[in-house]
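Enquirer: Chains as they are written, first to last, in my numbering: chain A, 1 to 198; chain B, 199 to 628.
Hint data in this document are derived by calculation from the structure and do not stem from the laboratory.
All values reported here derive from a predicted model rather than from experimental measurement.
No residue lacks a Cβ here, since even glycine has one placed at the ideal position from N, Cα and C.
Be careful, since some hints might not be right.
Derived Cβ-Cβ restraints for the label pairs, each shown as a range [what the hints assert, rightly or not]:
(1) A:VAL105 <-> B:PHE401: 28 to 34 Å
(2) A:CYS16 <-> B:VAL506: 45 to 51 Å
(3) B:PHE413 <-> A:LEU174: 28 to 34 Å
(4) A:ALA181 <-> B:TRP532: 49 to 55 Å
(5) A:VAL105 <-> B:PHE517: 21 to 27 Å
(6) A:ASN111 <-> B:GLN544: 57 to 63 Å
(7) B:LEU275 <-> A:GLY145: 33 to 39 Å
If you only want the chain B side, here are some residues facing chain A, beta carbon under 7 Å, derived [stated by the list, open to error]:
(8) LEU296
(9) CYS328
(10) ILE345
(11) ALA364
(12) ILE484
(13) PRO486
Residues from chain B that face chain A, not an exhaustive set, calculated with beta carbons under 8 Å [what the hints assert, rightly or not]:
(14) VAL265
(15) LEU268
(16) LEU272
(17) SER299
(18) ALA326
(19) SER350
(20) MET361
Here are the chains, one letter per residue:
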Amino acid sequence: MNGESFLFTVFALLTCFGAIAVVASQTVVRMAFWLVICLGSTAALFFLANADFVGAAQLLIYVGGTLVLLVFGVMLTASGPYLKIETSPGETVMGGLVGLLFLFVVFACLNNVEWRPPVAVTASAPGTPGVAGNTLRPLGLSFLGLRTDHDLTADKDQASTGYLLPFEIVSVHLLVVLIGAAYLARAKRRSPSPVPSE
Amino acid sequence: MMFAAQSLAEFFQTFLSGRADGWHYVIAAVIHAVLLVHVFAVSPFAFIWLERKVSGRIQDRLGPTRVGGLFGWLQSLADGIKLVQKEDLCPPAADSMLFRSAPYIVCVASFAAFMVLPFSHGWVAVAADCGLFIILAILSLEVFGIIMAGYSSGSKWSLFGGMREAAQMVSYEIPLAICALVPVIAAGSLNLGEIGGMQRGWFFNWFMFNNPFTFIAFFVYFIVATASCKRAPFDLAEAESELVGGFHTEYSGMRWSFFFMGEYASMFAVCGIAAILFAGGWNTGIGPLDEALYLARSHGASGEGSWVVGYLANVLGAFVFTTKASFGVFVQIWLRWTLPRLRIDQVMTTCLKYLVPISCFLFLGATLWPLVLASTISRTSWTPDPIGERFGEELPDAKKLSAALPNADHGIRVGLTPPLNQVAQEGSVQ
């Protein structure tokens, strides 16, 4: 067992343990804590696979953004000191069944993939720091339609518009959703009280 | 002297001469970790002492005078020993597991940020290509520990502190990221090592002076970074006059001190980011001196010159970088003891109504600046071009990429500033 597979085992076990603990614990904020462990270890797995950008995005969006908002929401809305979610035995059985079914589907899919040995990281020119996890420039170029992993000289049809347009559409869509949510939240608060604010 | 992980690992590989494969990486990793732990542990030691002395000067109080030798420098050590000896308390109303683990999250987050922060040319533990993105992501985790500490203490003061911190941080992360992007537009890279290297030469090569937008962005970034370290005047989370101690009311001993070690370390981290992005990083800002240091480094790396000279050049670079970042920390301390604390609604107004629009405007301006310059004076910057090296030009298959471009006559230039000849052609057509 070399160092990389040892680290992989550690982080994979942490991910699984965190995920199980999220389901097993009943306090919402404890769930959030275990989710931090789970998502942080997933980010570490991405870093191990030399996918720095995805790992950092995982940390920034899920741990730094979504989870903070979750705990913030719990703190603002909780009536008691520690908000708990009780699950009835029926819910546990149903949830377990659905989970097992999903596990089966994932396992079946993974079994049907022809796994190729990992491609070696591009050899770095001497004296260029930061080539180890060099995913950023290929990512940016494929956004513009230049796929570095394809043979670009073969046929020029592959130089397409890239993913920039879909990405922009999705982000504008998200902005619309945000503004809509803010509008709905404001309208609800205003309507019952006609008292002028000072 | 290439990037340190590689060279140390290679050094131990030759030293062990292939006795046990893999061990050289372990030894190199341990050495890096120990060095970084010392940065993390020693910088709060120095900054807490500095905080006391500066506050003593500014507010006309007595700083430490009795403990230790010159200027009472042993005061921080005495504090540390006192804190270690204190009892580790956990109030009965607290959620003990979350209460005990919250300080570690704060500590791990602010410590891990130093992984990708370069201290000199190539002196970085992880030379990541998207280093700035990673460091911003890691620094954003610190807030989670604070919120959890506030929530799990089982005290209303702590809860209020945690809620304020959450509201403040969720809003201040937006201008922080946008302001950090403004010099990135000028640099065309997210690699902190590359951004630092590009500002070699006279100080007007620093990105702070690259265009008026980066100049304003430097100050906006500094304000936002002060807020993101929850330093006064933005220290609503621990407002001691209203919330007892805020999120750390119930903590004592080592767990309490972990929060403060995390705070001082992240102050140093954000000021270090400011130094690299805006103020030239490890470059001295004196043209001929920087050139000499650069030559010493590159000769040392290539094996032509003595590696000792290159090493010393890097030590000087690390000293310059630490001085710049420490000056940033000093300004933060200065602000803390000069300005009164804001109210929470004022903090939110400052961010959402002023800082976010200002940073969006700066971002837009910085993107348009090179285009405007190119169409008027047909250059993309008003200063002489940064003479520092750019790694991006050495893209392995740049020729293939440029062949695939529709008009393949110009070489591909990876960076957001457009190639000069292309812009000039477009301008003449219009």
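Enquirer: It remains to establish, for every hint, whether it holds in the given structure.
Expert: Results for each hint:
1. A hinted range of 28 to 34 Å is violated for the C-beta pair VAL105 of chain A and PHE401 of chain B, which are about 60 Å apart.
2. Between CYS16 of chain A and VAL506 of chain B the beta carbon distance is about 49 Å. The supplied range of 45 to 51 Å therefore holds.
3. At about 32 Å, the CB distance of PHE413 of chain B to LEU174 of chain A agrees with the hint of 28 to 34 Å.
4. For the pair ALA181 of chain A and TRP532 of chain B, the beta carbons lie near 40 Å from each other, so the given range of 49 to 55 Å is not met.
5. For VAL105 of chain A paired with PHE517 of chain B, a C-beta distance near 58 Å fails the hint of 21 to 27 Å.
6. Distance hint check for ASN111 of chain A and GLN544 of chain B: the Cβ-Cβ separation is about 59 Å, which falls inside the suggested range of 57 to 63 Å.
7. Checked against the hint of 33 to 39 Å, the C-beta distance between LEU275 of chain B and GLY145 of chain A comes to roughly 59 Å, which is inconsistent with it.
8. Look at LEU296 of chain B: its Cβ gets to within about 6 Å of chain A, closer than 7 Å, so that hint holds up.
9. For CYS328 of chain B, the interface hint holds, the least distance from its beta-carbon to any beta-carbon of chain A being 5 Å, beneath 7 Å.
10. The closest approach between the C-beta of ILE345 of chain B and any C-beta of chain A is roughly 5 Å, which is under the 7 Å cut-off, so the hint is satisfied.
11. Against a cut-off of 7 Å between C-beta atoms, the interface hint on ALA364 of chain B holds, since the closest Cβ of chain A lies about 4 Å away.
12. Here the hint on ILE484 of chain B is broken, as its CB sits about 24 Å from the closest CB of chain A, past 7 Å.
13. Interface restraint check for PRO486 of chain B: the shortest CB-CB distance to chain A comes to about 23 Å, outside 7 Å, so the restraint is violated.
14. Look at VAL265 of chain B: its Cβ only gets to about 39 Å from chain A, farther than 8 Å, so that hint breaks.
15. The beta carbon of LEU268 of chain B is not positioned within 8 Å of any beta carbon in chain A (closest approach about 39 Å), and the interface hint is therefore violated.
16. With 8 Å as the threshold, the beta carbon of LEU272 of chain B stays out of range of chain A, its nearest partner Cβ sitting at about 37 Å, so the hint is violated.
17. For the restraint placing SER299 of chain B at the interface with chain A, the shortest Cβ-Cβ distance is roughly 7 Å, inside the 8 Å limit, so the hint holds.
18. Of the supplied interface hints, the one on ALA326 of chain B holds, with its beta-carbon coming within about 5 Å of a beta-carbon of chain A, less than 8 Å.
19. A hinted interface residue such as SER350 of chain B counts as satisfied when its beta carbon comes closer than 8 Å to some beta carbon of chain A; here the least separation is about 7 Å, so the hint holds.
20. Residue-level restraint check for MET361 of chain B holds (minimum Cβ-Cβ distance to chain A is 5 Å; threshold 8 Å).
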